[in-house]
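S.K.: Order-wise, the sequence lines are chains A and B.
Residue numbering for the first sequence follows our numbering, starting at -18 and increasing by one per position.
Residue numbering for the second sequence follows our numbering, starting at 37 and increasing by one per position.
None of these hints come from the bench; they were simulated from the model.
Don't take each hint at face value.
Said to hold, decoys possible - Here are the simulated lysine to any residue pairs, SDA-like style, with alpha carbons at most 25 Å apart:
no., chain 1, residue 1, chain 2, residue 2
1, A, K106, B, D111
2, A, K134, B, N173
3, A, K22, B, D99
4, A, K134, B, K90
5, B, K77, A, G37
6, A, K135, B, P95
7, A, K122, B, K163
8, A, K(-7), B, N136
9, A, K122, B, N186
10, B, K148, B, D111
11, B, K56, A, N28
12, B, K147, B, T195
13, B, K77, A, N40
14, A, K106, B, K159
15, B, K159, A, N34
16, B, K163, A, N28
17, B, K48, B, N173
18, A, K(-7), B, S91
19, B, K78, B, D38
20, B, K78, A, A46
21, B, K48, A, I24
22, B, K56, A, C30
23, B, K159, A, D87
24, A, K135, A, G91
25, A, K134, B, S170
26, B, K77, A, S107
27, B, K77, A, M41
28, B, K188, A, R2
29, B, K78, A, D44
30, A, K134, A, R2
31, A, K106, B, T195
32, A, K135, B, D89
33, B, K48, A, M41
34, B, K163, A, S116
35, B, K163, A, G91
36, B, K61, B, M107
Claimed, not checked - Computed footprint of chain A on chain B; a stretch qualifies when at least three of its residues, placed anywhere within it, have a C-beta under 8 Å from a C-beta of chain A:
no., stretch
37, 39 to 48
38, 54 to 60
39, 104 to 115
40, 164 to 173
For glycine and all other residues, C-beta sits at the position ideal for the given N, C-alpha and C.
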Amino acid sequence: MNIIAICGSPRKGNTEFVLRRFLIKAEEFGHKTDLILLREKKIGHCNSCFSCNDEGSCNMRDDMAGIVERIMADDLIVFGSPNYFNNVTGLMKDFMDRLQPLRVEDKLAGKKAVVIMVGEEGDSKSSAAIATMTSAADILKMAKVGDLYLVAKKALDVENNPESVQKIDDFAKNILS
Amino acid sequence: MDVIAICGSPRKGNTEFILKRLLMKAEGAGHKTELVLLREKKIGYCMGCLGCDKSGACPISDDMDAIIASMEKSDLIIFASPNYYNNVSGIMKVFFDRMNVLYGTDKLSGKKVSVIFVGEEVKTIQKAILSVESIANSFGMDIVCSLYLNGKGPRDIETNPESVQKIDDFAKIFLS
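Using the sequences plus the hints, can you model the full thing?
M.R.: As C-alpha cells, then:
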C-alpha cells in the first residue's frame, strides 16, 4: 500500500514520534510511506466560497494543492493530532476543512483511514477527539481501519515510555501486517 | 450585561447575520455588545509550547490578546460557527486552541455562554454543539442555551422568515 501520515501537531513531539514509528513499521511490512508535517506547510483557512462545489476545485493557491495531489495516490491516510479541547488541533482542522474539494466528488471514498491522537488523559473508546476525526473520515466515505490514543503531555513522553512504544508497534502490526 | 459574540465564519453569511441580529436585540434590551469577526483578526496557531501552563501568559502576541481581555470583561459570550465536518470551522478551532491560556484559571468561570451553529446537516449537528459546550464546560462557564439553524448559501437565513423568527425567539431566552 501507499501510506501517508498527516501530522497536525504544531511542535516536534509525541504525535510526530508516533507517526514516524508507525511509518517505519509500515516500511518493514513492505509498504511505501510519506509523512506530511502540517506545521511546515502553508495552508489557509477554507473561505467557504463553494468554488469546489461549483467547479470541482479550490481557488486558493497554497501548499494544499500539492498535498491533495499526493493523497489521491495513497491507499491509506493516517490522521495524527494532539488532543486540544477534546478535538483535533486548529492546524488539523484547517487541513480537514480544505479537503472539501475531495469530498464534493467522493475522491477519498474507499480509501483506508487511521486515526491517532495523543493527549493528557483518555483512551480511544471515550475520546471525543477520536470520535470527531472518525466522523470526518465517515463524511469523506473513507473506511476507518483503526484508531490509537496515547497518553502524553510533554514532547518526549511517548518516546520515553516503553509501554507506549510497544502500543504503537502492536497497533502497526495489527493494521499493516 | 456585557455581551460578546465570536463569529467563526470565514465569510460574511449566515453566522454573521444571526449574531448581528442577536446583538441588535440585545442592544434594544439595554445590553452592551461587541462582535468579533475572527476572519478579520490575526490569530496564530497555538504552538503547544505550554508556556501558558508555566507562566500564565501566551508568548504569541497578536489579536488574541484583545479578544481575551474583552471576554474577561463580558457577562455573556456567544460562540458561533458554521458546521464543517460536524465540528467548528478551522478559524474557530484556532481561536479555541489559543484560549488555553485561560484554562485552569477562573477567569471565565460562571460567565454565561451560548453556542450557535449554522449548517446543512440537522441530523449530526448535535456533535458540533456538544464539542463547543464541552469546551465551555472546561472553563466552568454556565451554558444558557444553544441554537442551530439550517443554511448553506450565504443569505439562506436572512431570506427565510421562519429562521429570522427563531433568532428573535432565541434572543428572548438568552437575554431574559
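S.K.: Each hint needs a verdict: does it hold in this structure or not?
M.R.: Hints, one by one, checked against the model:
For the hint linking K106 (chain A) to D111 (chain B), the alpha-carbon distance of about 36 Å lies beyond 25 Å, and the restraint is violated. Annotation: proposed proximity of K134 (chain A) to N173 (chain B) holds, straight-line Cα distance about 21 Å (limit 25 Å). A threshold of 25 Å between alpha carbons decides the hint, and for K22 (chain A) with D99 (chain B) the separation of about 22 Å falls inside it, so the pair holds. The suggested pairing of K134 (chain A) with K90 (chain B) holds, with an alpha-carbon distance near 13 Å, which does not exceed 25 Å.
Annotation: proposed proximity of K77 (chain B) to G37 (chain A) is violated, straight-line Cα distance about 29 Å (limit 25 Å). Using a Cα cut-off of 25 Å, the hinted pair K135 (chain A) and P95 (chain B) holds, with the two alpha carbons roughly 18 Å apart. With a C-alpha separation of about 18 Å, the suggested pairing of K122 (chain A) with K163 (chain B) holds against the 25 Å cut-off. Taking the CA atoms of K(-7) (chain A) and N136 (chain B), the gap is about 19 Å. The hint holds against a cut of 25 Å.
A threshold of 25 Å between alpha carbons decides the hint, and for K122 (chain A) with N186 (chain B) the separation of about 23 Å falls inside it, so the pair holds. In summary, the hint linking K148 (chain B) to D111 (chain B) is supported, as the alpha carbons are separated by about 6 Å, within the 25 Å threshold. With a C-alpha separation of about 20 Å, the suggested pairing of K56 (chain B) with N28 (chain A) holds against the 25 Å cut-off. For the proposed pair K147 (chain B) and T195 (chain B), the alpha carbon gap of about 33 Å is over 25 Å, so the pair is violated.
Only pairs whose Cα atoms come within 25 Å are accepted, and K77 (chain B) paired with N40 (chain A) is accepted, the gap being roughly 22 Å. Annotation: proposed proximity of K106 (chain A) to K159 (chain B) holds, straight-line Cα distance about 22 Å (limit 25 Å). For the suggested pair K159 (chain B) and N34 (chain A), the alpha carbons sit about 21 Å apart, so the restraint of at most 25 Å is met. For the given pair, K163 (chain B) sits about 22 Å from N28 (chain A) by alpha-carbon distance, which is consistent with the 25 Å threshold.
The straight-line distance between the Cα atoms of K48 (chain B) and N173 (chain B) is roughly 29 Å, outside the 25 Å bound, and the hint therefore fails. The suggested pairing of K(-7) (chain A) with S91 (chain B) holds, with an alpha-carbon distance near 21 Å, which does not exceed 25 Å. Taken as a hint, the K78 (chain B) and D38 (chain B) pair is honoured in the structure, with Cα atoms around 24 Å apart against an allowance of 25 Å. Straight-line distance between C-alpha atoms of K78 (chain B) and A46 (chain A) comes to about 23 Å, which keeps the hinted pair within the 25 Å bound.
Between the alpha carbons of K48 (chain B) and I24 (chain A) the distance comes to roughly 21 Å, so the proposed pair stays at or under 25 Å and holds. Between the alpha carbons of K56 (chain B) and C30 (chain A) the distance comes to roughly 21 Å, so the proposed pair stays at or under 25 Å and holds. A distance of roughly 20 Å separates the Cα atoms of K159 (chain B) and D87 (chain A); the hinted pair therefore holds under the 25 Å criterion. For a cut-off of 25 Å, the pair hint linking K135 (chain A) to G91 (chain A) is broken: about 36 Å separates their Cα positions.
Among the hinted pairs, K134 (chain A) with S170 (chain B) is consistent with the structure: their alpha-carbon atoms are about 20 Å apart, no more than 25 Å. Between K77 (chain B) and S107 (chain A) the CA atoms are separated by roughly 34 Å; this puts the pair beyond 25 Å, and the hint is violated. About 19 Å separates the Cα atoms of K77 (chain B) and M41 (chain A), which keeps this hinted pair within 25 Å; it holds. For the proposed pair K188 (chain B) and R2 (chain A), the alpha carbon gap of about 41 Å is over 25 Å, so the pair is violated.
At most 25 Å may separate the alpha-carbon atoms for a hinted pair to count; K78 (chain B) and D44 (chain A) meet this at roughly 20 Å. About 18 Å separates the Cα atoms of K134 (chain A) and R2 (chain A), which keeps this hinted pair within 25 Å; it holds. The straight-line distance between the Cα atoms of K106 (chain A) and T195 (chain B) is roughly 42 Å, outside the 25 Å bound, and the hint therefore fails. Taken as a hint, the K135 (chain A) and D89 (chain B) pair is honoured in the structure, with Cα atoms around 11 Å apart against an allowance of 25 Å.
Using a Cα cut-off of 25 Å, the hinted pair K48 (chain B) and M41 (chain A) holds, with the two alpha carbons roughly 18 Å apart. For the proposed pair K163 (chain B) and S116 (chain A), the alpha carbon gap of about 9 Å is at most 25 Å, so the pair holds. A C-alpha spacing of about 24 Å is found between K163 (chain B) and G91 (chain A), which places the hinted pair at or below 25 Å, so the restraint holds. Of the pairs offered as hints, the one joining K61 (chain B) and M107 (chain B) holds, with about 20 Å between alpha carbons and a cut-off of 25 Å not exceeded.
For the stretch 39 to 48 of chain B, the stated coverage by chain A holds: 3 residues have a C-beta nearer than 8 Å to a C-beta of that chain, and at least 3 were required. Using a Cβ-Cβ cut-off of 8 Å, 0 residues of the stretch 54 to 60 of chain B lie near chain A, which falls short of the minimum of three, so the contact claim is violated. With 0 residues having a beta carbon nearer than 8 Å to a beta carbon of chain A, the stretch 104 to 115 of chain B misses the requirement of three or more and the stated coverage is violated. Counting residues of the stretch 164 to 173 of chain B whose CB falls under 8 Å from any CB of chain A gives 4; the rule of at least 3 is met.
Violation of the numbered hints given earlier is confined to hints 1, 5, 12, 17, 24, 26, 28, 31, 38 and 39; the remaining hints are satisfied by the structure.
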